[in-house]
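Chains as they are written, first to last, in this note's numbering: chain P, 1 to 228; chain C, 1001 to 1104; chain V, 2001 to 2680.
If you're looking for bench data, these hints aren't it; they were derived computationally from the structure.
There may be inaccurate statements among the hints.
[Unchecked claim] Subject to a maximum C-alpha distance of 20 Å in a straight line, what follows is the list of computed SDA-like cross-link-like pairs (lysine to any residue):
{"#": "1", "chain 1": "C", "residue 1": "Lys1090", "chain 2": "P", "residue 2": "Gln133"}
{"#": "2", "chain 1": "V", "residue 1": "Lys2238", "chain 2": "V", "residue 2": "Arg2131"}
{"#": "3", "chain 1": "C", "residue 1": "Lys1102", "chain 2": "V", "residue 2": "Leu2647"}
[Said to hold, decoys possible] Reference excerpt, derived from the structure (chain C facing chain V, CB under 7 Å, subset only):
{"#": "4", "residue": "Val1021"}
{"#": "5", "residue": "Ala1095"}
{"#": "6", "residue": "Asp1096"}
{"#": "7", "residue": "Lys1102"}
Just so you know, these numbers come straight off a predicted model, no measurement behind them.
The beta carbon of each residue, even a glycine, is placed where N, CA and C say it ideally should be.
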Amino acid sequence: MPSTPALLLILASAFGAAGLYLALAGRQRSLAWTALVLLAAAGGALIALLAPHLAGGATRGWFIVLSLLGALGGLRMITHPRPVYSALYFILVVVAVTGLLVLMQAEFLAAALLIIYAGAILVTYVFVIMLAQQADPAPYDRHAREPFLGCVAGFILLAVIAFRMFAGASDLPAADPLTGTTLGLGTRLLTNYVIALQVAGVLLLAALVGAIAIARRKAENVAEGESD
Amino acid sequence: MLLAYLLVGATLFVLGLVGFVTRRNLIIMFLCTELMFQGIVINLVALGRYPLEGHSANLDGQVFALFLLAIAAAEAALGLALVVLLYRYKGTLDADALKLLKED
Amino acid sequence: MLAAGPTSLLPVGWYATLPFWPLLGALLVGLMIVLRQKPGRAFWPVVLGVGVSTLLGIALFFDLGRSASGAHGPSGFTHTLYNWISLGQPAMQRNQWLSVNFYFDGLTGVMLLFVTFVSLMVVIYSIGYMRDHHGHPERGYERFFAFLGLFVFSMCTLAAAGNFVLLYLGWEAVGLCSYLLIGFYYPRPSAAAAAKKAFIVNRIGDFGFALGVFALYMFMKGHAQPGENPLDYAVVFKYAPRLAESQFAGMSQATFVALLLLCGAVGKSAQFPLYVWLPDAMEGPTPVSALIHAATMVTAGIYMIARCGPIFAASPLALEVIVGLGAIGALLAATMAMAQYDMKRILAYSTISQLAFMFVALGCAAPQAAIFHVFTHAFFKALLFLGAGSVMHAMGGIIDVRRFSGLRHFLPWTYRLMLVGCLALAGFPLLAGFWSKDEIVHAAFSHSPVLGVLMLATAGLTAYYTFRMFFLCFHGQKRLPPEAGEHPYESPPVMIAPLVVLALGAIFAGYLGVGGLGTSLNETFFFIKPHGYFHHYLEASSLRGHVTAGGSSWLMYVSALVALAGIGLAWRRYGTAPEHDPDQAALGPVFNLWNAKYYVDELYGRVFVQPLRGLAHVCFGTDRFGIDGLVWFFSAVPRAVGATLGLAQRGALQGYALLMLIGVAVLLLLWRWTEPALAG
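Just chain P, same shape as in the assembly (with noise of 0.2 Å):
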């Protein structure tokens, strides 16, 4: 008879695995409704699973909200027929990422990853999907390829990335504070890893020079096989 949290674990990811599949596209709207329940549980025996292992105080309260914004976000984005939606819902688990990243005092870093995926990133998303859209939700948008491999295989792995954490969990030391974040982190960037920041530098240039000559071609030149 395995541990309390073992058990908890499995009940997660099967009750996941099952409500995930259930909730690809191309399920009937009556079976939603079950995919919900079991998805809710799944959640449920998460949070029990993780509450010996959070801090104490309003910090606690945060996460569970953030990390389930997040989580329900991620759901969404991946089982929505709709490509804009599955932008929008995305834009969701940013705005959960980053306030998480604010609970951890990484608020820069929130920053930046808000205002780059959620301002640029996405936008540029919602822009090509705007693109290349048709009228109604394509048949490749409603039916999932391979959803129950895909489910099983990804639960696998999660069970088994969780359990060997838990192993492990007891090993861990108490927390300490961390203050003057984004000052630490400019003086990180130009002293250690300045080399870093020059190659990451020039990674984007060449992106961008990239992505002038891709968006240059034509497509009968690349039918055609031609360079430009």
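With chain P held as given, fit chains C and V onto it using these hints.
Using the frame of chain P, we list chains C and V on its own:
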């Protein structure tokens, strides 16, 4: 606390992975990779913030995540450009339409 | 070792090149073939090569004769070309090499003389023979001369070899050339089959021969001193008497080796029971039959036994076996020859019979008589075969005596020359065959009277069937087959000239063994025969110390009478070349038995060939299904695995990603199970 954050990160990652494998729309596939990135960011920062035995809380995780952000942005730009090109070439966003890797 | 005789006329090294001139000629012809020269002149390199060898052979003969006339005891020359094989690490330190060395003594001199001379005659004859009626060369003209050159080289190597390994090399090489030349008309299935048969039957004998050489090596190592090559002639013959003293496998070592060596001789010289290849070998062109299967190659066995005289002399049992085989073979072949109709077959069986005569002589410890007969036989047998070739040429390829008769009107020259040859073969007095055959009969009588009578009777049969063939072919009414064309004409001079030379040889070659230098005419006239030049000559070789067959008058007269009686009987029965064979009418079923060659071929086929063929089928089946099946299996399994795994490659990227995910999940799961249980 670390454990909790790691679990959240893992969950997001797995969700992104399952979505990548399952969805057929090219753009949504890319979006799922972005979701995987989110999970990774949480993991990195958490491991920096609540480090393992022998280290004190540091900013290395955040630095890593910052670079990751830059890379994710570059990758998203290029990937979307390619997707647009593919859409023009094939006329559809279905991933199953791209089977040129198969040997006949 | 050979005693140091008087120095030679020419440097000994020149004699050592004797085998190589025909080889050079053959290689040049090969080059001509490659360069696609006109075949009409392809014979020149080989003619010149064999010609030079003939000159060297004559020079060698006289050179050796100078040292022989007076000396008793062996004398001659040796010459080493180069060191060939080292007999192991310690042997190299002791300077013990197997080398390519030549041994020129009296026996070698005689052999090389007639081999090169008769070969030259045959080569010249072939210039004209291998052309069609319009004078254009046949297909494969150049190839023929190249093979002939190769053959002469092999035979000379065999005769001049100074150790057993080189002898074996020459032995095998002549077998190879025989195969190549018998199967010269290879598109014809019977020719190809005959070539195969010759090679395989020879191989059976050669296997015994090889075992004999191995045994000799094994024994010699025990007797020879360090520094002496155990397979060199000089060494072997020095220690040969010791072989008789040691025992091996229940018999003396000498007997063991002698019997094994005898196997080779039986195969090569077409003795009973390995003679079956020789009649079939007549499928080859007639010059081939003349040279290889009458004059030279088949005498290799006789030569070998004569050469290894010391070994055979040390083993009385082996000598008895030789006598037995020879006697049976002679009589058997003579009876078979009496009932054949193919001229070349008759001559083939007569060759077997004559070789058996030589075997008997060897077995009666009279090797000089055997070699003498080899010498004379080469001339008249080659003459007979080439004459038959002349007939065949004129008759458009037909050689069955039932199809033509009265050819003396059409082919006068051939008629006269064939007459000389037949008389020589029959043992007509004063011709070459008479002297040598008489010596053999005398040797047989001195061995045992029964044997002597048997040999005499066989000689009579020889005369009978020879002239049966002659009369059926040349006498009687003029009858021609349709293939002969309108008017059969005599062969061109290039073919007649060698026949004339050979006929002269058939008449006069015998006198080398009769009357010495300076004998009085009186003695010659009354047929009293002291040992002649020939025998002195041979004495100065490894044949020393054997019974030398002298000539007593009464036996000479009796054998002359027997020969004449045989000829007379043939004249009475066949003189008019009757349509229906009187012998067949008289002897009926016996005649048919002889015609069918005692069904020996069929017997061999049943007993040996069919079971082996069955075995071959079994092996083929095992190879095809067993081994090939195994190989197929080894190739099929990866292919199947590949095909199965290939199903996973569907070309869609997501599928691959899913597979990767599943793979990682499975791996992690497996890893998890090997970890200790979850704590808490």
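Status of the hints after comparison with the structure:
{"no.": "1", "hint": "C:Lys1090 to P:Gln133", "verdict": "holds, 14 Å"}
{"no.": "2", "hint": "V:Lys2238 to V:Arg2131", "verdict": "violated, 51 Å"}
{"no.": "3", "hint": "C:Lys1102 to V:Leu2647", "verdict": "holds, 10 Å"}
{"no.": "4", "hint": "Val1021", "verdict": "holds, 5 Å"}
{"no.": "5", "hint": "Ala1095", "verdict": "holds, 5 Å"}
{"no.": "6", "hint": "Asp1096", "verdict": "holds, 6 Å"}
{"no.": "7", "hint": "Lys1102", "verdict": "holds, 3 Å"}
Hint compliance for this structure: hint 2 is the single one not met.
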